[in-house]
Amino acid sequence: MTLPRQVSRAETGDRVFVVGGKLLWLLLLGIAVLMPLLAIFWRGFSSEAGQGGGLVAARELVTSANFHWLLGNSLKVSLSVAAIVVPLAYLFAYALQRTLIPGKAIWRGMSLLPLMAPSMLPGIALVYLFGNQGMLRGLLSENIYGFWGIVLGEVIYTFPHALMILLSALSLADARLFDAASSMGASPARAFRSITWPATRQAVFAAFCLVFTLTITDFGVPVVVGGDYQVLALEAYKAVVGQQQFGRGALIGMVLLLPALFSFGVDAWLRRRHGDSMSGRAQVFQPVPSALRDACYLTIVLLICAVLLLVFGMAVYSSLVKFWPYNLSLSLNHYQFEDTAGGGWLAYRNSLTLALCTALIGSVLIFTGAYLMEKTKGQKGLNLALRMLSFVPMAVPGLVLGLGYVFFFNLNGNPLHVFYGTMTLLVVCTIAHYLTTAQMTATTALRQLDAEFEAAALSLKAPLYRHYLKVTVPICLPALLDIVRYLFVSAMTTVSAAIFLYSPDTILAAVAVLNMDDAGNVGGAAAMSTLILFTSAGVSLLLAWASRGALRRSQAWRQTAPGQ
Amino acid sequence: MFKPLALVAAVLTAFSVNAFAAKTELTVYTALEAEQLKTYKKAFEQANPDVEIKWVRDSTGIITAKLLAEKDRPQADAVWGLAASSLAILDQQGMLDNYAPKDLDKIGKNYRDAANPPAWVGMDVWAATICFNTVEAEKQGLTKPVSWQDLTKPEYKGKIVMPNPASSGTGFLDVSAWLQTFGDKQGWQYMDDLHQNIGQYVHSGSKPCKLAASGEFPIGISFEYPAVQLKRQGAPLDIILPKEGLGWDIEATAVIKGTAHKDAAQKLADFSASPAAMELYKDNFAVLAQPGIAKPQTELPADYEQRLIKNDFAWASKNRDSILTEWRKRYDGKSEKVAGQ
Amino acid sequence: MNTALTQPGAPMKVRGIQKRFGAFTALDNVSLDVAAGELVCLLGPSGCGKTTLLRCIAGLERQDSGELYLGDRDVSLLPPQARDYGILFQSYALFPNLTVEANIGYGLTGSGRDEVRQRVGQMLELVGLVGSEKKYPGQLSGGQQQRVALARALAPAPSLLLLDEPMSALDARVREHLCTELRQLQRCLGITTLMVTHNQDEAMLMADRIAVMNNGKVEQYATPQEIYDRPATPFVAEFVGQGNWLPFSRNSASHAQVGGMNMRLADDAGMAKSGRLFCRPEAISVNPPVHEENLFPAKVREITFLGNRCRMSFELEQLPGHPLLAELAPEAMPRLGAQHIWVALPPRSLQVFA
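Chains as they are written, first to last, in the UniProt record's numbering: chain A, 1 to 564; chain B, 1 to 341; chain C, 1 to 354.
It is possible that part of the hints are untrue.
Per the computed footprint, the stretches of chain C lying under chain A, defined by three or more beta-carbons under 8 Å from a beta-carbon of chain A, are [claimed, not checked]:
#1 58 to 68
#2 92 to 102
#3 105 to 111
#4 128 to 142
Simulated restraints, written as ranges between beta carbons of each label pair [unchecked claim]:
#5 B:Q46 / A:V56: 45 to 55 Å
#6 B:D193 / A:S141: 24 to 34 Å
#7 B:K109 / A:F534: 52 to 62 Å
#8 C:A354 / A:T12: 52 to 62 Å
#9 A:V56 / B:D193: 30 to 40 Å
Straight-line C-alpha distance at most 25 Å; calculated SDA-like pairs for lysine to any residue [said to hold, decoys possible]:
#10 B:K54 / A:R349
#11 B:K66 / B:S322
#12 B:K66 / A:V18
These are calculated hints, taken from the structure and not from any lab test.
Quick caveat, the model's predicted, so the values are computed rather than measured.
Where is the CB? At the ideal position from N, CA and C, for every residue including glycine.
Based on the provided sequences and hints, a complete structural model is requested.
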């Protein structure tokens with residue numbers, strides 16, 4: 001019997017799609033993740049003159065009083081921020097998931113505001129609120145510059161990150177457990193202790209670690225409101241950008257990698273030990289009405305939202321004020337970026353390009369990569385390598401990744417050096433930086449699909465890539481749009497890695513914010529931050545609208561789809 | 001293993017770099033104020049339509065560090081507007097291409113490198129200035145300082161901002177001037193005392209004046225350009241020229257050795273030293289490298305030029321490293337008032 | 001029925017398939033012949049390897065060693081696309097975003113648009129779903145979804161049909177009906193079919209032959225009747241239907257000692273010197289005519305009414321503490337309260353296992 005020709009063609013096509021796709025992914029991950037990380041260690045331990053690296057320099061650094069001071073500051077700030085943010089975010093998440101307060105969608109949307117702007121924005125707003133000429137200066141005895149300025153700024157910046165983890169942890173609740181508890185006469189407090197807390201404490205730990213890591217590696221807030229209270233992340237930035245001491249930067253980068261690696265390891269260990277406690281048959285939890293409880297939680301939520309609104313409103317307002325604090329008339333003068341330092345409109349246009357490229361290229365690459373890893377059987381070793389490599393970025397702070405890129409791509413003799421300072425490299429770096437979260441979204445969506453879809457397609461002699469485009473992508477469209485949104489907003493606001501990689505042609509809006517603030521043009525910095533904020537929020541709303549439209553159009557088959 | 005990569009890289013670069021531009025693209029490093037760049041670039045490109053300037057701008061210290069770090073593989077073709085003390089260091093490292101611009105004979109002999117042809121040629125002079133916010137002074141009951149020594153008075157505790165000399169050229173010329181006028185020991189003693197009153201050290205030389213203008217900190221140690229500009233914009237500022245004398249430096253131009261665009265870079269050096277360029281500088285600075293063009297600025301006293309101290313650039317650039325190391329050791333990241341928190 | 005609906009089924013041969021997952025042996029040297037047009041069931045408990053065997057045949061798992069033949073082609077190493085079979089999954093794996101029409105036409109690439117439409121119409125007619133072309137799978141009942149999935153599997157006219165627990169997602173009511181329907185359809189089309197199930201009723205109802213599997217091995221491969229009446233191994237005896245086990249030792253070629261009883265065996269009962277005797281509950285008769293062989297006194301423990309028949313639990317007086325089961329017509333049941341009875345275990349019903 002002879003085979004139909006289309007079969008062999010489909011077969012070749014699939015091999016190219018599957019094996020080629022995986023190899024391409026491996027190559028990209030190698031270049032974009034592995035090599036830059038290795039470069040950090042290589043730079044940190046090579047004792048080239050004037051670079052501040054090497055073992056001797058490392059010992060000197062670690063034993064110096066200055067380093068201890070910086071490390072102490074970083075730890076104090078990060079622990080304080082985590083200790084403040086996690087309980088607040090827990091209360092907020094609890095209010096949204098386990099009570100019947102009104103207006104949940106509004107509060108939820110408001111709580112995400114800090115994700116839409118670079119981390120400098122809360123700092124700038126704090127200066128206008130509590131600086132020496134701040135609107136609410138009278139409320140504080142000392143000015144905002146220093147420890148409390150950094151802590152407040154970071155609390156606002158990291159709040160939504162912690163909130164998202166806790167929201168998803170609190171969204172999973174088995175109503176049957178609560179029914180059982182109340183039938184045994186347990187008080188709500190007891191039910192919380194014995195059901196809710198054990199089910200969410202791991203998420204609390206994860207949120208704590210995330211906030212800690214984000215804070216210890218962020219320099220956007222310290223650079224604006226830190227004053228002379230310096231932290232390690234700022235020191236790494238100054239060492240590389242200010243003094244061109246790459247080795248010293250690499251050493252501090254390695255130090256900053258430790259807490260992230262540690263929390264990542266502990267989190268993975270906890271996850272393995274506890275496993276998944278939710279059974280597939282869990283009943284959806286419906287909170288019972290309680291006026292007193294809802295009133296309490298509504299107060300908390302309103303207070304937190306009021307603070308966020310105050311901070312972000314202040315940033316927007318300050319960008320419109322002509323000459324703070326002596327001429328409070330409103331104007332768009334600060335939006336005339338062409339006449340000021342920092343890159344002007346070019347920076348904004350570049351950021352749009354970066355965000356668009358990152359979102360479009362990144363989502364296609366990441367979703368396809370996740371598909372190949374999840375849904376194809378062969379190449380076990382390759383799959384394992386891909387899976388491990390794609391988890392690395394989660395444990396690597398953007399600051400450290402950016403340093404790695406400088407070291408690897410600026411290497412003498414590296415043919416990839418031609419990308420140094422180009423938009424291409426910025427796109428690659430941004431995709432790599434935000435890879436893991438996006439991939440986890442993709443993987444979760446893919447795992448909800450019937451495991452036999454691919455087998456069915458193969459038995460029907462349909463090429464896999466056709467099946468991917470015709471069936472998988474349409475079904476997962478909402479998740480895909482979510483990835484696009486996440487990557488766009490992240491690319492729009494990121495400064496941690498990009499600060500090391502831009503050139504005058506590829507300067508970014510978030511970097512311009514930093515530069516303008518550095519030059520004392522705080523109004524311009526506020527204006528650019530506001531622009532980023534509105535762009536991110538606008539695109540997010542647009543994508544949410546598109547996603548809802550897509551869902552509505554596909555309602556016919558989505559409502560009762562089998563196997564989902 | 002890098003061969004196929006190189007091929008891919010080459011193909012991709014074709015897209016990321018605009019290789020088809022007919023104009024010479026000249027990468028110019030600068031520490032000039034951003035507001036000035038547009039005018040200068042436009043004037044130069046009008047005079048030299050075949051050359052296009054690509055700016056890389058940052059604070060003096062950072063541009064200097066960047067140039068030094070790129071010593072083996074220079075990215076810059078020329079430098080337009082960097083402290084002479086920094087250019088002297090680059091010259092010592094053999095990184096500058098000595099060149100005599102067309103109008104070199106018109107340049108004052110104090111405002112160019114002594115070698116012939118010179119490694120760098122001056123544009124203008126910028127000098128230390130105290131920006132003093134009169135509105136805040138009245139509100140907080142501060143007396144107006146008239147000398148550097150006044151700034152160490154306890155009444156100014158936490159009210160003063162100055163640029164970090166490691167990153168800012170203005171910061172460095174302040175420190176270098178204090179060490180030269182007060183002497184080494186008294187100079188450091190003075191800075192120890194001043195440190196007690198500093199509210200913040202900042203990254204750039206213009207930021208202290210901007211902070212003073214907005215009243216965030218009433219006193220900013222800065223230089224005259226932002227002070228004059230901000231005053232013209234209506235900021236409640238007094239421009240104070242301390243009576244001990246002003247530290248100063250020359251903004252200068254140089255050609256980087258080994259540049260692929262030597263012609264264009266030399267055109268830039270020619271333009272920078274030309275009377276046409278001086279006409280541009282004159283709007284921003286009161287002292288220019290070509291004598292006789294400058295016009296007095298109403299915000300500054302007529303005897304402004306006489307108030308500049310006698311500045312030993314050779315000494316300053318030779319000792320720059322050790323001064324900065326000492327400064328960092330004393331004041332960077334060891335502020336007592338924050339250590340207590 | 002239209003002969004163009006399928007190609008004639010091809011015979012399939014499985015030769016010495018070996019498959020391990022780490023330390024676990026999923027398939028241990030499995031061989032199986034399926035004749036053209038035959039319906040064979042792979043029956044066994046979960047983990048016995050039946051699904052793995054199906055997936056190996058489908059090319060979804062790669063066997064460690066052994067060969068697979070479809071018709072006269074060696075398909076052992078071919079990818080799934082090149083093997084020429086249709087498969088119906090437990091979940092049906094219908095693509096939810098495609099209409100019934102598009103699902104059925106999914107495998108019909110390379111044909112013209114009209115051809116595809118015609119073929120889809122043919123298949124819908126075959127499974128009795130004409131008129132549902134534009135519906136989405138989510139709008140159909142479970143039984144209808146199964147038929148769409150079947151139509152999709154058959155549309156490209158494969159020479160082998162694989163069914164992976166096709167009935168398990170359906171409720172018991174429609175299950176039997178669909179089993180019969182599927183069986184009729186298969187007969188009609190004459191397509192070689194291999195079906196995996198853990199449900200012996202389904203297997204009995206549908207299969208030409210059943211391969212009972214356990215621990216990665218085929219324990220017995222025979223017709224349903226043979227499997228039930230002459231189980232080849234204790235596992236098959238136990239897994240298929242119900243049974244009684246009696247410990248014995250051999251007295252002679254024709255007799256076995258069971259407790260205090262001497263039981264006569266049939267000539268072909270088996271050779272083992274000692275072990276267990278196996279006896280189906282419905283083979284046992286209660287209070288039979290006195291001339292019956294192997295007649296022993298017993299004590300009734302419990303009687304359960306099952307509708308069309310009754311189940312009685314009892315103990316042989318000479319084998320106390322060893323409850324046995326008998327299934328009888330209700331009218332053959334001992335009268336209520338009669339605790340002591342006589343039971344006969346006919347020699348032909350006793351099978352010897354070592």
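Hint check:
| no. | hint | verdict |
| --- | --- | --- |
| 1 | 58 to 68 | holds (count 4) |
| 2 | 92 to 102 | holds (count 7) |
| 3 | 105 to 111 | holds (count 4) |
| 4 | 128 to 142 | holds (count 4) |
| 5 | B:Q46 / A:V56: 45 to 55 Å | holds, 54 Å |
| 6 | B:D193 / A:S141: 24 to 34 Å | holds, 25 Å |
| 7 | B:K109 / A:F534: 52 to 62 Å | holds, 55 Å |
| 8 | C:A354 / A:T12: 52 to 62 Å | holds, 55 Å |
| 9 | A:V56 / B:D193: 30 to 40 Å | holds, 36 Å |
| 10 | B:K54 / A:R349 | holds, 17 Å |
| 11 | B:K66 / B:S322 | holds, 19 Å |
| 12 | B:K66 / A:V18 | violated, 45 Å |
When held up to the earlier numbered hints, the structure conflicts with hint 12 and nothing else.
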